[in-house]
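Chemist: Sequence:
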Amino acid sequence: MLEADVLKYPTKVITNEQRAAFFANGSLVLESFVSNHWLKRLRHVVSESIESARHMTENNAVYLLESGHCVDAPALRRLNNPVCHHPDFWRFASESPMVELAADLCGPNVKFYHSKLNFKWPHVGHQFDWHQDIPAWPHTDYSPISIGLYLEDCGVEQGPLMAINGSHRGDLHSMYDNDRNWVLRIPEEDLEPGWQDRLVNLTGPAGSVVVLNCRVIHGSHQNSSPRMRPLLLNVYSSADSMPYAFNPLANQYEGVIVHGEPARYASHDPRGCELPPDWSKGYVGPWQHQANAQANEKSS
Numbered sequence: 045m046l047e048a049d050v051l052k053y054p055t056k057v058i059t060n061e062q063r064a065a066f067f068a069n070g071s072l073v074l075e076s077f078v079s080n081h082w083l084k085r086l087r088h089v090v091s092e093s094i095e096s097a098r099h100m101t102e103n104n105a106v107y108l109l110e111s112g113h114c115v116d117a118p119a120l121r122r123l124n125n126p127v128c129h130h131p132d133f134w135r136f137a138s139e140s141p142m143v144e145l146a147a148d149l150c151g152p153n154v155k156f157y158h159s160k161l162n163f164k165w166p167h168v169g170h171q172f173d174w175h176q177d178i179p180a181w182p183h184t185d186y187s188p189i190s191i192g193l194y195l196e197d198c199g200v201e202q203g204p205l206m207a208i209n210g211s212h213r214g215d216l217h218s219m220y221d222n223d224r225n226w227v228l229r230i231p232e233e234d235l236e237p238g239w240q241d242r243l244v245n246l247t248g249p250a251g252s253v254v255v256l257n258c259r260v261i262h263g264s265h266q267n268s269s270p271r272m273r274p275l276l277l278n279v280y281s282s283a284d285s286m287p288y289a290f291n292p293l294a295n296q297y298e299g300v301i302v303h304g305e306p307a308r309y310a311s312h313d314p315r316g317c318e319l320p321p322d323w324s325k326g327y328v329g330p331w332q333h334q335a336n337a338q339a340n341e342k343s344s
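FYI, my numbering numbers position 169 of the sequence shown as 213, with every residue one higher than the one before it.
Hints listed in this document are in silico derivations from the structure and should not be mistaken for laboratory results. Keep in mind the model is a prediction, meaning the values are calculated, not measured. For glycine and all other residues, C-beta sits at the position ideal for the given N, C-alpha and C. Watch out, some of these pointers could steer you wrong.
The calculated label-pair distances, taken between Cβ atoms and stated as ranges, are [as the list claims (entries may be wrong)]:
| hint | residue 1 | residue 2 | range |
| --- | --- | --- | --- |
| 1 | 233 | 115 | 39 to 45 Å |
| 2 | 313 | 64 | 15 to 21 Å |
| 3 | 139 | 214 | 34 to 40 Å |
| 4 | 326 | 135 | 28 to 34 Å |
| 5 | 196 | 223 | 37 to 43 Å |
Based on the provided sequences and hints, a complete structural model is requested.
Modeler: This is the structure in structure tokens:
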């Protein structure tokens, strides 16, 4: 669904002013939006997820291990598709206020796409270079949004999400380098002049929600604090927005209608989107792509 059509519907869990700010900036922070009841449930299953990875020695389709991970000190970088890992993650994605929030921003008919839990471990949690999401999973329109939940307090020192206000209104950047390697990063020299003046740190106490437009340029710093920064991300779109590439985090719930009704017609935005690699052959995760890009820059 296109933005003009979404705005025809009244909001339910946010104000009209908050929705207008999201469409103007490309991001939105809702402090303490999620109840302590949900936080307690999710923190419990997060602890279980970390414990279940204790004896792992290498990455797999579910777990990405952090540097220094070992039996005595398990450390995770990401849990892919947590909705498939524990039923409480799917309940949160499909039955919590996240669903109505998605409807306020995508339109009344909403479907689920994928999820991830990014941990950003104390002192070693890596930075995430500037990038845009939608070239990794293009759709027929730009309604897809990522709704992130901070499970713990997140200040600047924890490496919060950062976004460049209004960057979703500009052109899409290529996520390939000059040699056609997929790198999922935008070099700072390619950003528009004055971007530093529009940079915002998306911080908030535990239970805060961060929403990102799929076109907005965003990233994050390294976690320099002694506290973990677990961020649970669920991606939704309007029901009439159709993916036209393989989902890099394919899962059993992709396309499930979580609010409203299925679409009868597809929505099409006239602005095109560059195609990613064929993820059906495997997806290694964004950090590897960015690490390869940085290594190539140093060697050139």
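Chemist: That 39 to 45 Å hint for residue 233 and residue 115 (C-beta), does it hold up?
Modeler: holds (43 Å)
Chemist: Within 15 to 21 Å: is that where the Cβ-Cβ distance between residue 313 and residue 64 falls?
Modeler: holds (20 Å)
Chemist: Do the beta carbons of residue 139 and residue 214 sit within 34 to 40 Å of each other?
Modeler: For residue 139 and residue 214 the Cβ distance comes to about 36 Å; the hint holds.
Chemist: If you check the beta carbons of residue 326 and residue 135, does the distance land in 28 to 34 Å?
Modeler: Given range 28 to 34 Å: holds, Cβ gap about 29 Å.
Chemist: Please test the hint of 37 to 43 Å on the beta carbon pair from residue 196 and residue 223.
Modeler: Holds - the Cβ-Cβ distance for residue 196 and residue 223, about 39 Å, lies within 37 to 43 Å.
Comparing the model with each numbered hint stated earlier shows that all of them hold.
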